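Participant: This is what each chain is made of:
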Amino acid sequence: MSPSPEEAAAALRAINSVQARAAGFQDYRAESRQLMLWGVVNLLGCIFTALFPSLLLLIWLVVVIVGLFAGVRLARVAQESMPGIVWRYLLVVGSVLLFAALLHVVMWPLTPQQGSMVVPLFVATLYAIRGAQSRPRYLIIGTSLAILCFCCFLFATEHYWWWLAFAWGGTFIVSSLWLRRT
Amino acid sequence: METPDDLIHQPVRLKIMAALNTLASNQWLEFVSLRAIVDTTDGNLGAHLGTLEGAEYVRIKKDFVGKKPRTRVSLSAKGREAFAHYVANLHAILTPQNIDT
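Here the protein sequences come in this chain order: A and B.
Taking my numbering, I'd label the letters of the first sequence as residues 2 to 183.
Taking my numbering, I'd label the letters of the second sequence as residues 4 to 104.
In case anyone wonders, no lab produced these hints; they're calculated from the structure.
Quick caveat, the model's predicted, so the values are computed rather than measured.
Backbone N, C-alpha and C fix where the C-beta goes; we use that ideal spot for every residue, glycine too.
Any given hint could turn out to be false.
Unchecked claim - Pair by pair, the computed Cβ-Cβ distance ranges are: (1) B:Ala58 / A:Glu7: 22 to 32 Å; (2) A:Ile130 / B:Glu84: 31 to 41 Å; (3) A:Leu155 / B:Ala50: 55 to 65 Å.
Claimed, not checked - Chain B residues, not near chain A, derived (Cβ > 12 Å throughout): (4) Lys18; (5) Asp42; (6) Gly53; (7) Lys70; (8) Ala95.
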């Protein structure tokens, strides 16, 4: 028997609702893995910088390269289901790194504390924009990251890198766990 | 006017088909992810997937990630076509001339 118009409308509403849920779910899942990775990378970078401040450049060079390799590896896992994801991933991370490098050149000289704000505030802005456009959780992640890192910059004069490890790496890790919850 | 596909019209199977239809043709969705999206139990999802697989609407792939078993599901070309047809039928039901009659 053919469904009534009310049943047909209800079925179409159910389809729309599931499709929105599925798209959001997949997006959050993929982002969660990258947030966990970069959360750990930033956490380690800040901790090592706190322990060996004179090796700041070397430390960040190493952790970012390791993070990039691990990130590409993670993206490759999804390559089968999302063709082209590795190149898009490299483009996004490359853009963030290029932005940070260029801003350092333009604003030079920067203190290590000033320099350390460039990437988290830029990434926070990207998340806030993405959240405002499509997925609300990203808006909360971006806002939290910006507020915590900026508070760290303003108020954490002592033990700065330890606080930044918590504000930057910690926010990413907690956000990653949050995105895994449906 | 055609009757929508009864196999898809069942609420859980409708959700499964709608979720899988968001993927590209070569994309697979893990069973656990599908369960979360459809919001049902393992047994219920497994049973409905079995029905859809029997009709060749979905493909099910079982493999291992390390030592951990993994089940992934994808919509077949036949399933995608059937779902598109189903949605078109729903829209047809809602056209003014069909509502009036």
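Participant: Now tell me if each hint is right for this structure.
Facilitator: Hint check results:
Range check, Ala58 (chain B) to Glu7 (chain A): Cβ separation about 27 Å, and the 22 to 32 Å hint holds. At roughly 38 Å, the beta carbons of Ile130 (chain A) and Glu84 (chain B) sit within the given window of 31 to 41 Å. Separated by about 57 Å at the C-beta atoms, Leu155 (chain A) and Ala50 (chain B) satisfy the suggested range of 55 to 65 Å. For Lys18 (chain B), the non-interface assignment is contradicted: its Cβ lies about 5 Å from the closest Cβ of chain A, within the 12 Å cut-off.
For Asp42 (chain B), the shortest C-beta to C-beta distance to chain A comes to about 8 Å, within the 12 Å cut-off, and the non-interface label is violated. Look at Gly53 (chain B): its CB is around 20 Å from the nearest CB on chain A, clear of 12 Å, so calling it non-interface holds up. Separation of Lys70 (chain B) from chain A is adequate, the least Cβ-Cβ distance of about 17 Å exceeding the 12 Å criterion. Not every CB of chain A is more than 12 Å from the CB of Ala95 (chain B) (nearest about 9 Å), against its label as outside the interface.
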